[in-house]
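Participant: Below are the chains, spelled out letter by letter.
Number of protein chains: 2
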Amino acid sequence: MGERIVIVGGVAAGPKTACRAKRLMPDAEITIVDQDSLISYGGCGIPYYVSGDVADEDELRKTSFHMTRNEDFFLRAKGVKVRTLTRALAINRKNKVLEVENVISGAKDTIPYDKLVITTGSQPFVLPIPGAELPGVYTISDLHKAIAIKKQLASGQIGRAVIIGGGAIGLEMAEAFADLWGAETSVIEFMPQLLPRIIDPWFSTMLEKHMESMGVKIYTGEGASEIIADENGKACKVVTPNRTIDTDIVIMATGVRPRSQLAAEAGLLVSQFGIVVNDRLQTSDPNIYAAGDCIEVTHMVSGQKFMAPLGSLANREGRIVGDNLAGIPSTYPGAMGSFIMKAFERCIGATGLSLESARAAGFDADAAITAPSDRAHFFPTEAKIPLQMVFDRRTRRVLGVQGFGPMNDAVLARIDAAAALIAKNGTIDDFSLCEMAYAPPFATALDALNAAANVADNMQMNRQRNVSIPTFMAWMEDMSCQPDWRALDIRHPNEVGAFVAKYDDKWLPLVYSDIRAQYSKLPKDKTLIIICDAGTRSYEIQIFLDSVGLGNTLVLGGGFNVITRLEPQWWPNK
Amino acid sequence: MGERIVIVGGVAAGPKTACRAKRLMPDAEITIVDQDSLISYGGCGIPYYVSGDVADEDELRKTSFHMTRNEDFFLRAKGVKVRTLTRALAINRKNKVLEVENVISGAKDTIPYDKLVITTGSQPFVLPIPGAELPGVYTISDLHKAIAIKKQLASGQIGRAVIIGGGAIGLEMAEAFADLWGAETSVIEFMPQLLPRIIDPWFSTMLEKHMESMGVKIYTGEGASEIIADENGKACKVVTPNRTIDTDIVIMATGVRPRSQLAAEAGLLVSQFGIVVNDRLQTSDPNIYAAGDCIEVTHMVSGQKFMAPLGSLANREGRIVGDNLAGIPSTYPGAMGSFIMKAFERCIGATGLSLESARAAGFDADAAITAPSDRAHFFPTEAKIPLQMVFDRRTRRVLGVQGFGPMNDAVLARIDAAAALIAKNGTIDDFSLCEMAYAPPFATALDALNAAANVADNMQMNRQRNVSIPTFMAWMEDMSCQPDWRALDIRHPNEVGAFVAKYDDKWLPLVYSDIRAQYSKLPKDKTLIIICDAGTRSYEIQIFLDSVGLGNTLVLGGGFNVITRLEPQWWPNK
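Chains as they are written, first to last, in my numbering: chain S, 1 to 574; chain C, 1 to 574.
Okay, chain S solo, but in the shape it has when bound (with noise of 0.2 Å):
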């Protein structure tokens, strides 16, 4: 008889585990263990089940093969026993033995192992506020809750929805309120930026500024205070401190935290972060292993500790342990969040770290931002996609990329590619010289992510001055708050007008190609904030400023192809 190998938990994680584990030792018993009834489901295809993309919450625990993954699969397919509504009550490390009661019946088991796998993952973090537990308010954290939401929206029971948290899965579920079903959708957010943490501000708020033209109302910098009842004792209401929001249904996204008390009442070692792993993802008993969404993560660029809450790194988790129960020293190097999300017709990805992450790392961090064609400027399909490059000053080493374009694979692409160098620690050089593949229908001689690279490298050294985007927006608004600066626009004269009439003698226009022939006609003695399309002329302007004296200038990284993302009134057609 074969290893006994017991798992708790059948999601993502777990399945993996066993599936790859029975591969490798053909005569292991493996067992899995689920509270639920259902198990082995694709979670991240929540949103797209709801918003009615995807038919049939079945589709969701199927194969790409059409066989539904249930327990009779996974025994006559993969011979892997599978006990769902099974909770898992304790483990007994001294006796190796995982103590199990059936959530139906309430009797209790006992289930011997040779080793253990802890894949429980996460549950969703619910905000103590009045009404948080009020029938109507759902988080998204299993299937059956998001069975009874689409039973809801497809029997017409919801016209509006409020969402709480402006991370990815509030947004996804956003736009699967917003899109296919009509609702008045509203997200609220606590922190003053969509996507905290992950995305800057700047790139966080072109994707706002998207949902709301497609008619989402975004809230943030806003907590929800409280959740109102009707009559009926059903949620109604959302509160703020700044207004109260009708509606239909609550959606709590408001982030996730590991379930981990199995192990910590285990005695094994956990943090805040989940069950403290080595980088064969065995726990502080050498006999039991955990992966997925519980686990504590060590992220490869800043090397700290984090909770990365992904479906795709669960994959990757499961397939090492089931390496390492088969005795294949197989080692997890952490993980970087690489991350993507559709909202309506844009995208938005990164990975590794975002500026403000890199700088509370302790790196000396800046952030180069450009705004290139995605694919040759004469290809009819061509779209503008904004990369942010983040690198440490000192090291050249880059830190995160960030994208923001059409919903298409364009900036998928340009995500995957940092991803890999940003593993293997890639600098401003590596990037400059990735060779990215090139054909005029798919990107530019020069990648966007080269281009990227580029700026990066004249930014670090110093041959290039940026104006921050925030300092520049600020200074749009209120044109008077910096007397000193004037904006040299270099663009089109047809693009430049409409400044001109609104901003006076602070806005200059004088076309690229005219300024090495008139530039005796710039003030001298005004900081000024050279404009264009998308950065890289500006630059190439204050080079030669710079050569003739006129040192005094900073360019506007990214130019106007993101402010108009940022602000879509400006954009000068409109």
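If you're looking for bench data, these hints aren't it; they were derived computationally from the structure.
Predicted, not measured: the structure shown is a model, and the values here were computed from it.
Incorrect hints may appear among the rest.
What the hints assert, rightly or not - One side only, chain C facing chain S, incomplete, derived with CB under 7 Å:
id, residue
1, F65
2, A266
3, L269
4, E435
Claimed, not checked - Under the rule of at most 30 Å between Cα atoms (straight-line distance), these lysine-lysine pairs were calculated in the BS3-like manner:
id, chain 1, residue 1, chain 2, residue 2
5, C, K524, C, K502
6, C, K305, S, K424
7, S, K521, C, K62
8, S, K151, S, K237
For each residue, glycine too, the CB sits at the ideal point set by N, CA and C.
Starting from the structure of chain S, add chain C where the hints point.
Facilitator: Structure of chain C alone, referenced to chain S:
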């Protein structure tokens, strides 16, 4: 006065060198000479200009901000002098002058230099066959020829086209003729496959079948032996050993050769692959640099010298020469030929070495073939993207990746990430763990590229044993030639029926999930080829059968997702 820099060649590497150098050294005196009247155009865009995707040839000469890159633009905007219609005759290295002649007037002149840069590009190779020089035979080498071709198309003179050469340019031109203009288009390729050397035959055949399904006639393994003229002396027939094809135009797309004559005549070191340079792109004369199609490049994977005539590389190389001219010691690590192309509704891409090239370069190379989903299988736009990962069995280093998929950026994302990792000597393990961004609209939880690496891992660890695709195809063609083989088809009975009907008892259907219960039915004295959709389940079954003593099995890597793309008649629903 600043340094005098003279650059010979004004298409891609030359202008890039000039502009970068001028930015780094604003007081440098930079002159570009080019024998053509048109400079700095996007040569890779020619097929899209011919097709009509790009309306006007001027668009290929414009910047992203709509200025035409002509002599006036370079002088006014960049501070770089351009002398068009000026042919470089000789380099007088002793006196450091370039001897030139005006191609219209014949007037001769000399241009003194402190540093010279040779960016003379490549010239099309013209097959030495009778009729190759006839009117109506075009190479795709400059914008003038493209304009002439499009004029004929637009005036309805081209109903039939023959392309000699099945490389990327030939195939892009074939699409241009066939798609928008509806010309009856034939491609002749001397080698037995399209895209020889850069793509392995089972991948290029997928492309070939798709192009055929769009109406392009493709003849591989068939060289053009003669081009015949009509009574007006214009090319009207292309002759091969097997056929004579009537045509209104002939495109000669049989590769390019480095334009290194100027360098060679000046006594600089030149190889068959181009001008020899060091890693700072200096020629054998330290005052002379070279970049672009005309230089010999080191392959980053094989270490071998080769020619890499790609616009993307020309731009990278130009930037490095610019740096070095300005005293910044940037180095060029070489290239790996990252490549992608559109063909109607599909795309194909590659980076690094093909299996054939890897073996030729002395690696103990093998290839993992998969056919994973590009995004969550439950997401509506999901498609399969066959991927191949070439790896070294000895070191686990990944040597190359190829992909084929629908016409979007899904293949691009995997090729770009692969290129990034291969450049850093990435191993199978790096690829397995590479943290590709995940959300259901963009990827699968374990990304397609991770999945390919996991197959490579299983193969390298000798857990997975494959039958090669050519072997299996030959066997399907003539079942009798391999009497001891049986197909064990574990797909859904709906998918299997047609094969059982055709192959009778040679084709054994047994559903994946029934194998653990029913394996005893399987013959023990035959080689079983295990067949599923993507190869993944077949591997699982192989492992299981090994464990029960049925060790004589082989997996069909990539499964029927690959086979149906190679032999469309096998698509069961067709």
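Participant: Would you mind marking each hint as holding or not holding in the structure?
Facilitator: Comparing the hints with the structure gives:
1. The beta carbon of C/F65 is positioned within 7 Å of a beta carbon in chain S (closest approach about 6 Å), and the interface hint is therefore held.
2. A distance limit of 7 Å between C-beta atoms decides the matter here; for C/A266 the minimum to chain S is near 28 Å, and the interface restraint is violated.
3. About 24 Å separates the beta-carbon of C/L269 from the nearest beta-carbon of chain S, more than 7 Å, and the hint is not met.
4. Using the Cβ-Cβ criterion of 7 Å, the hint placing C/E435 at the interface with chain S is satisfied: the shortest such distance is roughly 4 Å.
5. For the hint pairing C/K524 with C/K502, the CA-to-CA distance comes to about 23 Å; that is within 30 Å, so the pair holds.
6. For the suggested pair C/K305 and S/K424, the alpha carbons sit about 26 Å apart, so the restraint of at most 30 Å is met.
7. For the hint linking S/K521 to C/K62, the alpha-carbon distance of about 28 Å falls within 30 Å, and the restraint holds.
8. For the suggested pair S/K151 and S/K237, the alpha carbons sit about 21 Å apart, so the restraint of at most 30 Å is met.
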